[in-house]
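Trainee: Residue numbers for the sequence shown follow the numbering used here, so the first one is 6 and each next one is one higher.
If you are wondering where the hints come from, they were derived from the structure by calculation, not from laboratory data.
Virtual Cβ for every residue (Gly too), placed ideally from N, Cα, C.
Warning: the hint list may mix true and false statements.
[Stated by the list, open to error] Pair ranges (Cβ atoms, derived):
id: 1; residue 1: L155; residue 2: G94; range: 49 to 59 angstroms
id: 2; residue 1: S80; residue 2: I141; range: 16 to 26 angstroms
id: 3; residue 1: G105; residue 2: L137; range: 35 to 45 angstroms
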Amino acid sequence: MVKKGQTKRQPWVKNLYSNREYPDNYTDASFLKDLRTNLHCRIYTFTEAIAGITLLNNQISCITGFLILYQLMLSDSVSPTTILVPSCGITGIGYLCYRGRSLSWALLGEDSKTLVTVVLFGYLFSPMLHTLTQAISTDTIYTMTFFVLLGNLIFGHYGLDVAMVSKRRPSP
């Protein structure tokens, strides 16, 4: 009802600039009628949850193993050769298991080119990197190592299809 001397208000609408007659915090009953909650919520099974945490646990274990090997080499308990030879053998066996029956001479050639490139660049640049890191304090190196490993954990691909993880997809 409109009292004498008052004008009738415009109906309230969900538009910021159309409701000049109403207080700033006013909403009517229609404000939440279109609200939908948990539209794309997915309930994970126990098995899916265990599989997901296993991927994260694997990543944490790899980083922990790297840090343990680094500490052993730093304290001169283990020589780099003692670590390099078994690592190469395990990597070779892992490569053969990964490729399995799809291993062909073409794939082996392409993968060998990549391996030779990485080893060659590592061999060529290691003296320069060793010289550069002598001028940097160990605190800086440890701090940077911590942040790089933390970034590895945060941005690792854990089998999720989300925008922040770059996943190689087949081209159409």
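Trainee: Which hint numbers doesn't this structure obey?
Mentor: 1
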